[in-house]
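Chemist: Protein chains in written order, with my numbering: chain A, 1 to 288; chain E, 1 to 274.
These are computed hints drawn from the structure, not numbers from a lab.
Hints should not be assumed to be uniformly reliable.
[Unchecked claim] Pair by pair, the computed Cβ-Cβ distance ranges are:
no.	chain 1	residue 1	chain 2	residue 2	range
1	E	LEU58	A	MET157	47 to 57 Å
2	A	LEU198	E	LEU86	47 to 57 Å
3	E	ARG104	A	LEU101	32 to 42 Å
[To be verified] With the C-beta cut set under 10 Å, the calculated list includes, among others, these residues of chain A facing chain E:
no.	residue
4	ALA10
5	LEU14
6	ARG39
7	ILE41
8	VAL109
9	SER113
10	PRO241
11	GLY244
12	THR270
13	LEU271
14	ALA277
[As the list claims (entries may be wrong)] Which stretches of chain A does chain E cover? Using the computed rule of at least three CB atoms under 8 Å from a CB of chain E, they are:
no.	segment
15	138 to 150
16	220 to 233
17	252 to 260
Owing to the predicted nature of the structure, the values given are computational and were not obtained by experimental measurement.
All C-beta atoms in this analysis are idealised placements derived from N, C-alpha and C, irrespective of residue type, glycine included.
This is what each chain is made of:
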Amino acid sequence: MLLPMLLRQARRILLTALLGGLLGATLVRLGPGFGVDEREIDSRLNAQSLQAIRAEHARDNNIGLFYARYLSGIVHGDLGFSRSLNRPVSELLKERLPLTLGSLAYGVVGGISIGLVLALGSVWWWHAPGSDLVPAVLTGLTLALPAALIALVFLWMGAGGRWAIALVVFPHVYRYAKNLLVAAYHAPHVLAAEAKGLSPARVLFAHVFTPAAPQLAALAGISVSLAFGASIPIEVICDTPGVGQLAWKAALDRDLPLLVNITVLVTLMTLVVNACADMALARWRPAR
Amino acid sequence: MTHTRLTRTQKLAIVVLALVAVASLGAGYLAPSSYSEQYRDAISAAPSGRFLLGTDELGRDRFARLLYGTRISLLLAPAAAFLSTLIAALIGGTAGYLGGRWERAVTAGIDLFLSLPWLFLLLTARALLPLNTSPVTSVMITFLLLGCLGWAMPARIIRAGTRTLVDSDYLVQARAGGISPLRLFWRHLLPNLRPILLAQFWVSIPVFILSEANLGLLGLGVSEPLPSWGAMLRELENYTAVLQNPWMLAPAGLLVAVVCCLQLLLRTEDRIPC
Numbered sequence: 001m002l003l004p005m006l007l008r009q010a011r012r013i014l015l016t017a018l019l020g021g022l023l024g025a026t027l028v029r030l031g032p033g034f035g036v037d038e039r040e041i042d043s044r045l046n047a048q049s050l051q052a053i054r055a056e057h058a059r060d061n062n063i064g065l066f067y068a069r070y071l072s073g074i075v076h077g078d079l080g081f082s083r084s085l086n087r088p089v090s091e092l093l094k095e096r097l098p099l100t101l102g103s104l105a106y107g108v109v110g111g112i113s114i115g116l117v118l119a120l121g122s123v124w125w126w127h128a129p130g131s132d133l134v135p136a137v138l139t140g141l142t143l144a145l146p147a148a149l150i151a152l153v154f155l156w157m158g159a160g161g162r163w164a165i166a167l168v169v170f171p172h173v174y175r176y177a178k179n180l181l182v183a184a185y186h187a188p189h190v191l192a193a194e195a196k197g198l199s200p201a202r203v204l205f206a207h208v209f210t211p212a213a214p215q216l217a218a219l220a221g222i223s224v225s226l227a228f229g230a231s232i233p234i235e236v237i238c239d240t241p242g243v244g245q246l247a248w249k250a251a252l253d254r255d256l257p258l259l260v261n262i263t264v265l266v267t268l269m270t271l272v273v274n275a276c277a278d279m280a281l282a283r284w285r286p287a288r
Numbered sequence: 001m002t003h004t005r006l007t008r009t010q011k012l013a014i015v016v017l018a019l020v021a022v023a024s025l026g027a028g029y030l031a032p033s034s035y036s037e038q039y040r041d042a043i044s045a046a047p048s049g050r051f052l053l054g055t056d057e058l059g060r061d062r063f064a065r066l067l068y069g070t071r072i073s074l075l076l077a078p079a080a081a082f083l084s085t086l087i088a089a090l091i092g093g094t095a096g097y098l099g100g101r102w103e104r105a106v107t108a109g110i111d112l113f114l115s116l117p118w119l120f121l122l123l124t125a126r127a128l129l130p131l132n133t134s135p136v137t138s139v140m141i142t143f144l145l146l147g148c149l150g151w152a153m154p155a156r157i158i159r160a161g162t163r164t165l166v167d168s169d170y171l172v173q174a175r176a177g178g179i180s181p182l183r184l185f186w187r188h189l190l191p192n193l194r195p196i197l198l199a200q201f202w203v204s205i206p207v208f209i210l211s212e213a214n215l216g217l218l219g220l221g222v223s224e225p226l227p228s229w230g231a232m233l234r235e236l237e238n239y240t241a242v243l244q245n246p247w248m249l250a251p252a253g254l255l256v257a258v259v260c261c262l263q264l265l266l267r268t269e270d271r272i273p274c
C-alpha cells in the first residue's frame, strides 16, 4: 500500500517540477529585460562587437531549445543567474535557505504545539462555561492580523521572526484541531469509556486524541505552506536574510529568474512535506 | 436553503461593518480635506479639531486617508472576491458538471495551484507586471491579481458541490426527462449552487483584505498618494513615531475590527485553511 502511494506522490512532485519549470521558463521569457544586454548601450562597441553580443542571445530565441536548456539546467542544479544581485541563483539559495528552514522549523513546531495545547485545553474544559473564550478571542485576533503586522509587533518587542511564524500558524491549527477533537469527543466509544469510569485524562489522550492523531498529522503540510507564505513579510520586516526576503527583493527588482526559481523550490518543498504527511497518515491509519 | 439565526455578536458585527461602510462611502462629507492634500503648516501634527487623527509626515490628514483607504479596501476586496468566485465557478463548475477525465485534470490543476504558497505566487505575478504605474492602475492591478489568483480553493469546493448536485436524484430524473443541458444548468444547477457560491464569495473577502495589507506593507500594493490599509500600515515601521503618536495605529485597529467582524459573520470553523 505504501509503495503505490510513494510512486503516486513522486509522480505528482515530478509533474509539478516539470510544470513549474516550464511555467518558470515562460515567465522568464516574458519578463522585462529578457534578451537585452546592457553592454549593447556601450558607445565604444563597434558593429561587429554588437553583433557578437546579440549572437550570444540568439539561441534563446528558439523557444524549444530555451525550454530544454532551462529544464536541463534545473536538473543539473543550475537555477539561472540573478540579474539584480549578479550572482547564480543556486548560490543565493544555498546561502539563505538554511536560515529560512530554521525559522520555519521553529515556527511550524511552535505553532502546532500552541494550537494543539489550546485545542486540548478547550476540549478538556469542554463543559465549563466560557472555556473556549480566551482561545477563540486569541485566534480570532491573530487571524485578523496580516502576517506583516504580526512581524511589526514582534520587531517592536525585540522578539525573533521565527516566533512570529508560530503566531501565524497556531490559529489555523487550533481551529482545525479543536473541531476534530470535539467531534472525536462525541463518538460513542468515548461515552462508553466515560461510563466505565476511566479518568478524564485517559479518555482525552487514549480515546479522543489518539484516534484523531492521523488527521492532525495532515496539519503539518498545511502549516508548512502557511509558514512559507508568512516568511516573506516576516523576513522583510524583521530584516532576516532568508529566502522570503530574497523573494521580496527579487520582486522589487523584477528579477524573474530568481523569483520564479524560489517559488518553484518552495512549492516543491511544500509538496514533499505534504507527501510525507500523507504517507505517515496512510501508515498510521489502521487497515480497514 | 437553510436560514440560521444571527447571534447577538453577529448582529453587532453587522452594525460595525455597516457603520464603517457608511463612513467610508461618506468620506467626502466626513473628512474636511482630500486624502492627498498636504498641509505644510501642520506636518506630523497631533489630533485636533481640524485633523481628527493628526497628519502624517507629509502633512496629509490621516482621518481623510483612513476613510478613503477604507473605501478602496471595502469596495475592491468584494470586487476581487466576485472575480475569483466567478473564475472558480467557471472552472470548478464545468469540471464537476462534465466529470470523468475533465474533472480529474481540473482537480489535479487545482491541487497543483494550491501547493503554490499564496504570497510567493502573488509576488511573482506582481513582479511580472509593471511596478511604476499610476496609483489608479496600481489599485486595479493589485485587486485584479487577487481576484485572478484566488480561484483555486473556491473552485475545489464548487467542483465538489456541483458533482454532488449532478449525481443527485432530481437531476438524474431531469436528464432522463430529456431536459436540455442549458436549461438543466440555468434552472436546476445554478440556483442550487448559489449558497456555495455566496459562501465562497464572503470567505474570500477577508483573505483579500489581508493580502492587500501584506502587499501594501511590502511596498507592492497600492501606490501613493492613493491610500489603502496596506499602504497606511507602512507608517508603523517607525516604532519611535508610533510610541509618540499612538493614533497612527488607527488603520491597524480598523483593519482588525473589520476582518474580525467578517470572520464572526462567517464562522466557518471546520474549514481547513489554504
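Chemist: Take the hints in turn and mark each one as holding or not.
Modeler: Results for each hint:
1. E:LEU58 <-> A:MET157: 47 to 57 Å: violated, 29 Å
2. A:LEU198 <-> E:LEU86: 47 to 57 Å: holds, 53 Å
3. E:ARG104 <-> A:LEU101: 32 to 42 Å: holds, 34 Å
4. ALA10: The hint is violated - A:ALA10 has no Cβ within 10 Å of chain E, the shortest such distance being about 15 Å.
5. LEU14: violated, 12 Å
6. ARG39: Constraint on A:ARG39 not satisfied, violated at 24 Å.
7. ILE41: At about 20 Å, which exceeds the 10 Å cut-off, the nearest Cβ of chain E leaves the hint on A:ILE41 violated.
8. VAL109: violated, 18 Å
9. SER113: Nearest chain E Cβ about 17 Å off; hint violated.
10. PRO241: Result: violated, 16 Å to nearest chain E Cβ.
11. GLY244: Constraint on A:GLY244 satisfied, holds at 8 Å.
12. THR270: Holds. Min distance 5 Å.
13. LEU271: Nearest chain E Cβ about 5 Å off; hint holds.
14. ALA277: violated, 12 Å
15. 138 to 150: With 9 residues in contact (Cβ-Cβ under 8 Å with chain E), the coverage given for the segment 138 to 150 of chain A holds.
16. 220 to 233: holds (count 8)
17. 252 to 260: holds (count 6)
The structure is inconsistent with the numbered hints 1, 4, 5, 6, 7, 8, 9, 10, 14, although it conforms to all the rest.
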